[in-house]
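Asks: Residue numbers (our numbering), protein chains in the order written: chain A, 22 to 315; chain B, -9 to 206.
These aren't lab readings, by the way, just hints derived from the structure by calculation.
These numbers come from a predicted model, not from an experiment.
Ideal Cβ positions, reconstructed from N, Cα and C, are used throughout, including at glycine.
Watch out, some of these pointers could steer you wrong.
Covered by chain B, according to a simulated footprint, are these stretches of chain A (three or more residues, beta-carbon under 8 Å) [stated by the list, open to error]:
#1 108 to 114
#2 127 to 140
#3 164 to 177
Calculated pairs, DSS-like style, for lysine-lysine (alpha carbon to alpha carbon, straight line, at most 30 Å) [as the list claims (entries may be wrong)]:
#4 Lys37(B) with Lys117(B)
#5 Lys137(A) with Lys117(B)
#6 Lys5(B) with Lys146(B)
#7 Lys5(B) with Lys137(A)
#8 Lys172(B) with Lys146(B)
#9 Lys172(B) with Lys5(B)
#10 Lys137(A) with Lys214(A)
#11 Lys205(B) with Lys117(B)
#12 Lys172(B) with Lys144(A)
#13 Lys144(A) with Lys146(B)
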Amino acid sequence: MNALVQVTGLRKSFGDNEVLKGVDFEVERGEVVAIIGPSGSGKTTMLRCINLLEQPSGGRIVVDGRVVCEEAEDGSMRFAERGDVREIREQVGMVFQRFNLFPHMTALDNITEAPKSVRGMSKEDANARALELLDSVGLSHKADAYPLQLSGGQQQRVAIARALAMEPALMLFDEVTSAVDPELAGEILLVMKRLAEQGMTMLVVTHEMSFAADVADRVLFIDHGVIVEQGQARDVLTAPQSPRTRAFLHAVLDRAPMAEDDGSTGVGEEAGFGGSDLFTEQVAADPEAGPDDG
Amino acid sequence: MDWEVVWESVPLIWKGAGATVSMFAWALVIGTVGALALALMRLAAAKPLQWFAIGFGWLFRGIPLLILLFFAFFALPELGILLSPFLAAVVGFSLWTAAYQAEVIRSGIIAVPPGQSEASEALGMTKAHYMRRIILPQGLRIMVPPFTGNAITLLKQTSLATLVTVPEMALLTQRIFSNNFKFVEPIFVLGMIYLAMTSVLLILSVAVERAVSLKV
Chain A
22 MNALVQVTGL RKSFGDNEVL KGVDFEVERG EVVAIIGPSG SGKTTMLRCI
72 NLLEQPSGGR IVVDGRVVCE EAEDGSMRFA ERGDVREIRE QVGMVFQRFN
122 LFPHMTALDN ITEAPKSVRG MSKEDANARA LELLDSVGLS HKADAYPLQL
172 SGGQQQRVAI ARALAMEPAL MLFDEVTSAV DPELAGEILL VMKRLAEQGM
222 TMLVVTHEMS FAADVADRVL FIDHGVIVEQ GQARDVLTAP QSPRTRAFLH
272 AVLDRAPMAE DDGSTGVGEE AGFGGSDLFT EQVAADPEAG PDDG
Chain B
-9 MDWEVVWESV PLIWKGAGAT VSMFAWALVI GTVGALALAL MRLAAAKPLQ
41 WFAIGFGWLF RGIPLLILLF FAFFALPELG ILLSPFLAAV VGFSLWTAAY
91 QAEVIRSGII AVPPGQSEAS EALGMTKAHY MRRIILPQGL RIMVPPFTGN
141 AITLLKQTSL ATLVTVPEMA LLTQRIFSNN FKFVEPIFVL GMIYLAMTSV
191 LLILSVAVER AVSLKV
C-alpha cells in the first residue's frame, strides 16, 4: 500500500524568502514522524502545506491517494478543487501551537461544530462522540466550560479532541506544547502518546526531544528549508550523522538534557498511563470538578 | 422657559416620532444588510468585488448626507424616478448607513485572529459556514460599540429629512415656531426626545455587548 502522505520536491516561498527548498518525505500509515529543527527552519510551513493552509510554490503532495497539489510541466501549481480540499482536510486533523479553540463556544460545542456542519452528524451523535473524546483526554468534567476558563494544557487537549472528532486518518501537530506552561506540557504529550499507541498516523513538529525519542518512529531534522537528516528516531537523536544535526541537538539538549540513552524519558511513564484514569489525580486536584466528575 | 408651552409641545412633536423611528429602523436594517454584503465583498478574493466595495464607501462617505437626500428627492424625479419624501429619505439614509457600517463590520471581521479561520478550514468547514458561526459572532464583540455610535448618528441625522419635507419630529417642531413664535420650549422638547431615544440605543448596546462577551 502507498504511504499515507507523499511529499516530493516541496518548495514554498514567501516573496523572495524561500522557506522550503525542495523537501521529500513519506509517512506510512500508523507511523509517528517527529519534525525537529531550529526556529525558522521551515518545519511549521511544511506541516501547513499538507492541508493547504499554505499554498506550496512547487512540488507535489499526495494524502491518502488524493493529490493535494502538483507542479505542472511548465512549473505552475495545480491545487485540488475547493470541494476536494475540504474532503482532504476532513482526513487531516490539525492541532495548533495556540490552540485556536473557538472562544465563544463551550468545549463540547467546539468539538461538535465540524462533525455537525461538515459531516452532517446529528446533534445527539455528535454530542455523544464529543463526550467520549473529552473523556479520552481526561476532560469530560469540562464539557460546558468555555476555552478561557481552561488552562493552556486543558485547551490544547480540547483542541486535540476537536480534531479527532472528524475521525482523521492523519494528525498534524504544530508545536502544540510551545504555548503552555512547562508543567502542563506533560498532559498534552500524554494524550499524544496514547494516540500514537492507538495507531494514529501523526506528523509532529516539536521541540520536545524526549517526546520525539520516546514516541516517534522516525525523526526528520530540517534546517534552512531542507531535510538534513532523517531516520529512526533513536538513530537521529543519539547518533546524528550530520554536523548540523549534532550542533542543533547539542544546543537543545544542553538546556534540557535528555534522559539516559535507554530512551526512557519521563513522558507517560508506566505508572498511570493507559486508560482515562490517568487523569483522575488531576481531576481530584481541580477544585471546580464535582465529586462524580472524571 | 414656559413649562405650559413645553407640555403643549410634547404631543405635537411626538406625532413625528413614528416617522423618525421608522426612517431610522428601515435605514438601519437595509443599510446593515448592505453593509454586511459590502464588508464581505471588500474581503473577498475577487478584485472587482473589492473595487465595488471600496468605490461605494468612497462615494457615500465622501458626499454629505444632505446631498444624498436632495439627490433622492429632487434629482431622481428628473431621471424619471419619483419617490415619496419618506422613501427618498430612507434611500439616502440607507446608502449612508451601508457605507459607514461596512467599515465597522469589516474591521470587526479582520480583528478576529487568523487562527480562527485556519482552525475552521483545517476542520473542513466552508467559508460561508465559518463566517457565520465562528468569525462574525466573535467580530460582533468588536463591532457593537462603533456600530451603536453610527446608529445613534443615524437617528439624529433623520432630522435632515425635514429638508425633503418628511413630517418627522424636527419638521413638526418648526411648525410650532411658525404658529406661536415660541422657540426655546419646542427646541428643548425636541432635544429631550432625541436624547431619550439615543439613550435607549445606548442601553441596548450595553446589553448586546454583555450578551456577546466571552465567558471567562
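Asks: Against which earlier hints does the structure fall short, listed by number upward?
Replies: Structure breaks hints 7, 12 and 13.
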